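Chains S and W are the protein sequences, given in the same order.
Counting with my numbering, you get residues 1 to 248 for the letters of the first sequence.
Counting with my numbering, you get residues 1 to 247 for the letters of the second sequence.
Treat the hints with care, since some could be wrong.
Derived CB-CB ranges, DEER-like [stated by the list, open to error]:
| # | chain 1 | residue 1 | chain 2 | residue 2 | range |
| --- | --- | --- | --- | --- | --- |
| 1 | W | 217 | S | 245 | 56 to 62 Å |
| 2 | W | 29 | S | 70 | 49 to 55 Å |
| 3 | W | 4 | S | 93 | 35 to 41 Å |
Here are a few chain W residues that sit away from chain S, every Cβ distance over 10 Å (derived from the structure) [said to hold, decoys possible]:
| # | residue |
| --- | --- |
| 4 | 9 |
| 5 | 15 |
| 6 | 24 |
| 7 | 27 |
| 8 | 33 |
| 9 | 82 |
| 10 | 123 |
| 11 | 191 |
| 12 | 232 |
| 13 | 238 |
Below 30 Å or equal to it, Euclidean Cα-Cα: the simulated DSSO-like pairs (lysine-lysine) are [as the list claims (entries may be wrong)]:
| # | chain 1 | residue 1 | chain 2 | residue 2 |
| --- | --- | --- | --- | --- |
| 14 | S | 114 | S | 222 |
| 15 | S | 114 | W | 3 |
| 16 | S | 45 | W | 3 |
| 17 | S | 45 | W | 100 |
| 18 | S | 74 | S | 123 |
| 19 | S | 67 | W | 100 |
| 20 | W | 100 | S | 57 |
| 21 | W | 100 | S | 74 |
| 22 | W | 100 | W | 16 |
| 23 | W | 3 | S | 26 |
| 24 | S | 74 | W | 24 |
| 25 | S | 114 | S | 67 |
| 26 | S | 45 | S | 219 |
| 27 | W | 16 | S | 45 |
| 28 | S | 123 | W | 24 |
I should point out that these hints are in silico values taken from the structure, not numbers from a laboratory.
Since the model is a prediction, treat every value here as computed from it, not as a measurement.
Don't be surprised by glycine CBs; every beta carbon is placed ideally from N, CA and C.
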Amino acid sequence: MIEARNIDKTFAGHHVLINVSCTFEKGKTNLIIGQSGSGKTVLMKCLVGLFEVDNGKVIYDERDFTKMNFEQRKTLRREIGMLFQGGALFDSMNVEQNVMFPLNMFTDQSLEEKLGRVNFVLKRVNLEDVNRLMPSELSGGMRKRVAIARAIAMNPQYLFCDEPNSGLDPQTSGVIDHLIREITQEYNITTIVNTHDMNSVLSIGDSVVFIYKGELWWKGDKETILYTENPELNEFVFGTELTSRLKR
Amino acid sequence: MFKVFSTTGNYVMLMKRVFTPPQKRGIFWNQMLTEINNLGLESLGIVAFISMFMGAVVAIQTAYNIDSPLIPMSMVGFTVRQSVILEFSPTVISLILAGKVGSRIASEIGTMRVTEQIDALEIMGVNSANYLIFPKVVASILINPVLIVFSMWMGILGGWIAMVATGLVSTNDFVQGIRIDFEGYTIFYALTKTVFFAFIISSISGFFGYETRGGALEVGQASTNAVVFSSVIIILFNLVLTQLLLT
């Protein structure tokens, strides 16, 4: 479980996060939603420590991340997997080397063991015979799947996904969403997904927090989100032509 | 003025993170060998080309400027040797490497920054500054002296070829000039400067790449800054080191 307690974050005098408190539970796909510029990416980066919070705490299963020193954070981060918006695969390495990278850095496994693990996680994300391909030779969906494979290679306890569906067609987005959900339930990990895709919200949103202008505006799940009276959230949820027509 | 102090402070802070023991020695070793190839061996062609032509130009200019019959033609070989070893190879070639290698380092690391690859390393618990910059610094310090010695040979060879081809100076005179009053200390001086310059090029370029924020435009800007600042600091240190080592 990950808890954000009273988080404030300011950039050059501009308040991006204001007193945000929320809990992300284990075994669930926890979604952070909000409009572009609402602060959801900043919240995620504060949770993983890529940004330092101005005030507040980030607690990983009763371990205060904000009080940890560099070495303690490094140790905790080995329990974290993260899927970045563009995949963030290392351009100079092929698929196999990308997925094997954390195993090379943090384990003393033999090459056979590492290869076994790499092939296992690649198969888990439905990719086979791509080991020798370079990231530039992969489609957007394949890059995301390789990035997921790399993120789960070390059996993480916490999985963060930053806009996993950006740049993907609806069908591929669905595949990625279901993969994230399956992995979350299969390994019983705490997963946090940052998205503004309503399809994702409705298909995998076990728990949803809505960030509006840097503040936590609403908490719920994929069932309750459609019946909320909250006007800002309604505007977000039914903001597209398709959803507004469905609502009518 | 504040920006100068703040940039210098950030550079020192980054170097503190760079100069830590590598997380995995085997990985560091492989990366360093790759960088020796990327930053050093791939520069052999340009170093050879520039050195030969510069050596040839120095030789021709010297030969044409010797008017007095009291000055022996062997002075051409002497002048080529001195100018190539003392200044041309260590400083001018380092400036050229600042352009070639510096822009490569800054754009490579800068692109990794804007495509979140550095964030990915950090999230995994890797000291990204050490992982990305340290092998480049060590590789540069090891391979640049080799490049400079190679450049010295090429410069002198270029001078000799030019003299033989134009018939201005005989091989005997040229070789005799090369051997006049040779002091091994000049090589030590040149290589000491080279090691300093190699550190300047790789660390400053790594710094500008690492500090890149934004997109493609900023990567280009980081690359330009890396070359400009490396060149300026090389010129400044050249003066300081020459004063310290030759007086």
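Hints, verified against the model:
1. 217/W - 245/S: 56 to 62 Å: Given a distance of about 40 Å, which is not inside 56 to 62 Å, the answer is violated.
2. 29/W - 70/S: 49 to 55 Å: Roughly 24 Å apart at Cβ, these two residues miss the hinted range, so it is violated.
3. 4/W - 93/S: 35 to 41 Å: 37 Å, holds
4. 9: 17 Å, holds
5. 15: Correct as stated: the minimum Cβ-Cβ distance to chain S is 15 Å, above 10 Å.
6. 24: 6 Å, violated
7. 27: Violated: least Cβ distance 6 Å, not greater than 10 Å.
8. 33: 14 Å, holds
9. 82: Given a closest Cβ separation of 42 Å, the condition holds.
10. 123: Label violated. Min Cβ-Cβ 4 Å, cutoff 10 Å.
11. 191: The claim holds: residue 191/W sits with its nearest Cβ about 31 Å from chain S, beyond 10 Å.
12. 232: 29 Å, holds
13. 238: At about 33 Å from chain S, residue 238/W clears the 10 Å cut-off, so the statement holds.
14. 114/S - 222/S: 38 Å, violated
15. 114/S - 3/W: Judged against 30 Å, a Cα distance of about 47 Å means the pair is violated.
16. 45/S - 3/W: Given that 30 Å is the threshold and the Cα spacing comes to 27 Å, the pair holds.
17. 45/S - 100/W: 35 Å, violated
18. 74/S - 123/S: 28 Å, holds
19. 67/S - 100/W: 43 Å, violated
20. 100/W - 57/S: 45 Å, violated
21. 100/W - 74/S: Since the Cα atoms of residue 100/W and residue 74/S sit roughly 34 Å apart, the hinted pair is violated (cutoff 30 Å).
22. 100/W - 16/W: 26 Å, holds
23. 3/W - 26/S: 45 Å, violated
24. 74/S - 24/W: 14 Å, holds
25. 114/S - 67/S: 34 Å, violated
26. 45/S - 219/S: 20 Å, holds
27. 16/W - 45/S: It holds: about 24 Å lies between the C-alpha atoms, which stays within 30 Å.
28. 123/S - 24/W: Holds, at about 28 Å.
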